[in-house]
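Q: Protein chains in written order, with the numbering used here: chain A, 1393 to 1543; chain B, 1393 to 1543.
It is possible that part of the hints are untrue.
In this list, chains with the same sequence are indistinguishable; a pair is considered to hold if it fits within one copy or across any two.
Pairs of lysine to any residue, SDA-like flavour, derived with a Cα cap of 20 Å [as the list claims (entries may be wrong)]:
hint: 1; residue 1: 1456; residue 2: 1509
hint: 2; residue 1: 1456; residue 2: 1502
hint: 3; residue 1: 1456; residue 2: 1513
hint: 4; residue 1: 1456; residue 2: 1475
hint: 5; residue 1: 1413; residue 2: 1432
Since the hints were derived computationally from the structure, they do not count as laboratory data. Here the structure is a predicted model, which is why all the values come from computation and not from measurement.
There are 2 protein chains.
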Amino acid sequence: MSLVTIKVSGNSKPNEQFVVKAGAFKIGIGENQTKPELNAPCPVEYILAGFAGCLNIVGGLVAKELNIEIKSIQIELSGVLDVDKYLGTPTLERAGFQTIEITVTPISDAPREVLKKWISIVESRCPVYDNLFNHTPILLNLVHELQPEVV
Amino acid sequence: MSLVTIKVSGNSKPNEQFVVKAGAFKIGIGENQTKPELNAPCPVEYILAGFAGCLNIVGGLVAKELNIEIKSIQIELSGVLDVDKYLGTPTLERAGFQTIEITVTPISDAPREVLKKWISIVESRCPVYDNLFNHTPILLNLVHELQPEVV
Chain A
1393 MSLVTIKVSG NSKPNEQFVV KAGAFKIGIG ENQTKPELNA PCPVEYILAG FAGCLNIVGG
1453 LVAKELNIEI KSIQIELSGV LDVDKYLGTP TLERAGFQTI EITVTPISDA PREVLKKWIS
1513 IVESRCPVYD NLFNHTPILL NLVHELQPEV V
Chain B
1393 MSLVTIKVSG NSKPNEQFVV KAGAFKIGIG ENQTKPELNA PCPVEYILAG FAGCLNIVGG
1453 LVAKELNIEI KSIQIELSGV LDVDKYLGTP TLERAGFQTI EITVTPISDA PREVLKKWIS
1513 IVESRCPVYD NLFNHTPILL NLVHELQPEV V
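Input sequences plus hints: build the corresponding full structure.
A: Listed below in structure tokens is the structure:
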């Protein structure tokens, strides 16, 4: 077992951009549809970007193991979601992406069969792929701190 | 149905930071463990950050609907993952987060019962919650473009 804990946190205030701290980094979250002045990528764009980044890193790792030279990898992701559930409009559709479609284009001299093996290993070892494709347990704690009264 | 398509793409090259384009935004992806010089948040940090941002936006939306005043929301997320699968070490553990734990602390005068109702609606309408907690279909296309030969 080689357990790693990843933590992020943010403190949101009305009419300010929500900024999430991840170690020394700050990640600004946008609400482009409702508050265009607080412009930044929106949450689901970060999900797809993180997924692309994860496929890229695992792709590089597995290419080394298989001794494949890959000059570059083009990764495109798209997801369709019905915003009705999110907005509170009655619907039978799910809240999130209905499907995530990925196109991976490696520039490599390796034969197609080798690249097919490569991508199937990448899929099986990509943490984000696992968390989206399979059920991920989520434990949510609500802490209620009453607003201190001003006397 | 109010379908929205979200797209991102990136082109990775060896020893360069992988930058994902999301509309007009660029999201740099880090590989902090293996290439500290290409420093940026790592993919799974973006997943948790996007999740925090999503909870925050839906939280604000639902608070308005329930007519609750929330002065600020503190959101903390942590996830534990075993990197063995990702690194290719034989393991029976999954590749991704084993659990994602969230602590939401709204600063509000609203009674606890009302805030419990609020957070349960937020959970059910948060797109990222849905995609992580439930199965999300993933369609991966491998495009093989042979490296053009230099004659």
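Q: Does each hint hold? Answer for all of them.
A: Status of the hints after comparison with the structure:
no. : hint           : verdict
1   : 1456 with 1509 : within (13 Å within a copy, 50 Å between copies)
2   : 1456 with 1502 : within (13 Å within a copy, 55 Å between copies)
3   : 1456 with 1513 : within (12 Å within a copy, 46 Å between copies)
4   : 1456 with 1475 : between (41 Å within a copy, 17 Å between copies)
5   : 1413 with 1432 : both (15 Å within a copy, 12 Å between copies)
Of the numbered hints stated above, none is contradicted by the structure.
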